[in-house]
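> If you read the protein sequences in the order shown, they are chains P and F. Going by the numbering used here, the letters in the first sequence line up with residues 10 to 630, in that order. Going by the numbering used here, the letters in the second sequence line up with residues 3 to 210, in that order.
Bear in mind the hints are in silico, worked out from the structure with no lab data behind them. For clarity, every value in this text was computed on a predicted model and none was experimentally measured. Among the hints, erroneous ones may be present.
[As the list claims (entries may be wrong)] Only pairs whose alpha carbons sit at most 16 Å apart, straight line, appear in this in silico EDC-like list of lysine to aspartate or glutamate: (1) F/K181 <-> P/D610; (2) F/K171 <-> F/D98; (3) F/K181 <-> P/D382; (4) P/K618 <-> F/D6; (5) F/K171 <-> P/D610.
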Amino acid sequence: MSSIAATNKRGFGAFLWDYLTTVDHKKIAHLYLAGGGFFFLLGGLEALIIRIQLIRPENDFITAGFYNEMITMHGTTMIFLAGMPILVGLMNAAMPLQIGARDVAFPFLNALSFWLFFFGGLLLNVSFLTGGAPDSGWTSYASLAMASEGHGVDYYIAGLQIAGAGTLMGGINFIATIVTMRAPGMTYMRMPLFSWATFITSVLILFAFPPLTINLFLLMFDRMFDTAFFNVALGGNTIIYQHLFWIFGHPEVYILILPLFGVFSEVFSTFSRKRLFGYTAMVFATMLIAFLGFMVWAHHMFTVGLGPVANSIFAVGTMAIAVPTGIKIFNWLLTMWGGQVTINSAMLWALGFIPTFTIGGMTGVMLGSSVADYQYHDTYFVVAHFHYVIVGGTIFGIFAALHYWWPKMFGRVLNEALGKWTFWLFFIGFHLTFFIQHFLGLMGMPRRYWVFLNDQGLEAGNLISTIGAFFMTAGTIFFLVNVIVSARGEQAAADPWDARTLEWTISSPPPYYNFEQLPLVRGLDPLWIEKTEGDGTMPPGEPLDDVHMPNGSIIPFLMSVGFFISGFGFIYQTDSSIWYLALYGGLAFSISCMIVRSLKDDYGYYIPKEELEKALKGEAK
Amino acid sequence: MAQDHSNLFPDTLPAEPDKATLEGKNKFFGLWFFLGGETVLFASLFGVYLALKNSTAGGPSSTEIFGLGLVFLMTMLLLTSSLTSVYAMYHMRNGDYKKMVLWLAITGLLGIGFLVGEVYEFAHYITEYGFSFQSSAFGSAFFALVGFHGGHVVFGICWLITLLVRNAKRGLNLYNAPKFNTFSLYWHFIDVVWVFIFTVVYLMGKVG
Chain P
10 MSSIAATNKR
20 GFGAFLWDYL
30 TTVDHKKIAH
40 LYLAGGGFFF
50 LLGGLEALII
60 RIQLIRPEND
70 FITAGFYNEM
80 ITMHGTTMIF
90 LAGMPILVGL
100 MNAAMPLQIG
110 ARDVAFPFLN
120 ALSFWLFFFG
130 GLLLNVSFLT
140 GGAPDSGWTS
150 YASLAMASEG
160 HGVDYYIAGL
170 QIAGAGTLMG
180 GINFIATIVT
190 MRAPGMTYMR
200 MPLFSWATFI
210 TSVLILFAFP
220 PLTINLFLLM
230 FDRMFDTAFF
240 NVALGGNTII
250 YQHLFWIFGH
260 PEVYILILPL
270 FGVFSEVFST
280 FSRKRLFGYT
290 AMVFATMLIA
300 FLGFMVWAHH
310 MFTVGLGPVA
320 NSIFAVGTMA
330 IAVPTGIKIF
340 NWLLTMWGGQ
350 VTINSAMLWA
360 LGFIPTFTIG
370 GMTGVMLGSS
380 VADYQYHDTY
390 FVVAHFHYVI
400 VGGTIFGIFA
410 ALHYWWPKMF
420 GRVLNEALGK
430 WTFWLFFIGF
440 HLTFFIQHFL
450 GLMGMPRRYW
460 VFLNDQGLEA
470 GNLISTIGAF
480 FMTAGTIFFL
490 VNVIVSARGE
500 QAAADPWDAR
510 TLEWTISSPP
520 PYYNFEQLPL
530 VRGLDPLWIE
540 KTEGDGTMPP
550 GEPLDDVHMP
560 NGSIIPFLMS
570 VGFFISGFGF
580 IYQTDSSIWY
590 LALYGGLAFS
600 ISCMIVRSLK
610 DDYGYYIPKE
620 ELEKALKGEA
630 K
Chain F
3 MAQDHSNLFP
13 DTLPAEPDKA
23 TLEGKNKFFG
33 LWFFLGGETV
43 LFASLFGVYL
53 ALKNSTAGGP
63 SSTEIFGLGL
73 VFLMTMLLLT
83 SSLTSVYAMY
93 HMRNGDYKKM
103 VLWLAITGLL
113 GIGFLVGEVY
123 EFAHYITEYG
133 FSFQSSAFGS
143 AFFALVGFHG
153 GHVVFGICWL
163 ITLLVRNAKR
173 GLNLYNAPKF
183 NTFSLYWHFI
193 DVVWVFIFTV
203 VYLMGKVG
């Protein structure tokens, strides 16, 4: 009953306990955003250090070893600990409301997902304090990772294994939620695009993360238990690592972008006051991108030497993805066509995304041409390409989503002026940083190098790039200021944007049970239908009755602590067998938590309908 | 606050007690999706095994060490245990708790029998042939694939024991029926994986 406790303000201790034990999807969303936001700042700091090192030729701002740690941790942090958790946070915040559900299918598992991610990320970053972070790149290819001294790579393995388990659970949770818990009348083809994107992204997570799990296991066995998967002397083969990594890694980039395609669809449609153009085509384009995403992993391995036939097949597959993505771009443009377009912060990010992502897509097709790729491979052209899609798509999308759903998540509308400052600083900074990198790459500057040399024509480009990075930093600071300033603002209305979907039918922030009565959905954009054809409120889809709610629990937190401790055991048992104590102790503790959860019945509790009646009357006033 | 949970404990159970509540339905779907992920997990391990099965590094090869007799016995034990878990679910849907427990117990015993065979097999390879997790890439891949499966069997048996112990003194209800059902689904899955291991690892290892 933790959610009730939250409504009575009772000091910091109670607040903390509430968040440690919560199973409410809206509070877990807060946790994800806070955790992911923290790691985003950390990853940004690492990026800034990289750019300062490259501000002039033969710079010695940091050592070569530390530079390797920076590029590794920047990539790993941004993808696993910032991008994905923030996305999962947005899904948690919006998806159950959009489909008209009271929570996700497995609230307990939802909390466990978060805490596993958080402690996995913490474990990874502890490595900075204990003598060296991972330094073999975010891909951590076996050939390089096997040769890496110290425990850095071991931290990478243990941290990602724990965080990855949490992500996988989150994926299963969202799929089950969408399959079983849609409100009456909410058929699949009436689901908002963001919910569709959540569904399809979760399927990608479900099928993409196990190969990573196995890959990390193989690397762990080789590094810690002397097996021979990647030991060529005993018949091992390091190419296996590359295949498994990219069978995970390529779908991963679609995991990072598809939810934002959903966000942009919501934002364009809301702020053009028009139904999304080509809804059905959008849904099927999303599915097609997800499907093709699994078919093209070897385009990351063109220069490995798989042969011309394999390279050609994967090149054609890669270029095919441009088709469904193009469908989406045109549908967004046509959604705005003839609409009453409002340009505010959320819409600016969406508008900025279209040209940026299109450039990233175009360089993607260039890279997908396997013959030309021999020229681009491992140069700054690749760096520029993937930042155009990941920053231009994912990060722009996250900012759009934050501005759009902030009132629903936190009950405050973000300040428009500051929002516009954030956008313009970040947008200009982004293009300053990365546009020039295309040319640096074409001039032959390789990625992941600690220094570049004098008199090779690379000085001006790198200087501009670094200046851009400071602009992006300034943009991010403006956003943080906005968060603080807006917190003092007025309570947001239930529907501040005159929007179209179910999350805007309930108060901002919503009550802990979301809906007193589940709404009856009469079509796509249900709220808009009621505004134009009904009385502007949702008709109930069920009689008023007691509402069943899950109990809060501290077990997810404790269980993750156990895995965190056993992570240290795995990392250090090669040094001294005393660490087996941590390894087995931590695992035993986590398994005990699991058994306690299994043995102790948890029926949840009911909110009596009288209380809901009271709330309904309050709303009517 | 009304905390009446009697709806979970009706006097007569509905036809499908495992899917009668929203929680039960969620567990059913959730486990199926989990098994989808597990399929990819094992597919990755099969891929690794197929890539490395001839990398013996001068050590014993699959044709030298595999003995189909024991593996056939293990296969029979595990296949039968899948059948007995079907019987258990049949009795669960008929609301016959005692018979369900009986068949689940038989399922568990057959699973333990399988594990005994596997432990003997592994020990035999290590002591007789010096064929281990560390001896060659083939050894690493073999023990990783078959060992992961064995680990899943161990987990399943622990799961089953926990379920049986917890519910020993109370009958079937809408709260615990989904738990038995998800266990049974999981058990079928590890059985199916074994069918593939038997074919790809042992039969193809002996003949191909």
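> All hints, please: hold or fail.
So, going through the hints one by one against the coordinates:
1. F/K181 <-> P/D610: Status holds; Cα separation ~12 Å.
2. F/K171 <-> F/D98: 14 Å, holds
3. F/K181 <-> P/D382: 52 Å, violated
4. P/K618 <-> F/D6: 14 Å, holds
5. F/K171 <-> P/D610: Holds: F/K171 and P/D610 sit about 14 Å apart, inside 16 Å.
In terms of the numbered hints stated before, the structure departs from hint 3 and from no other.
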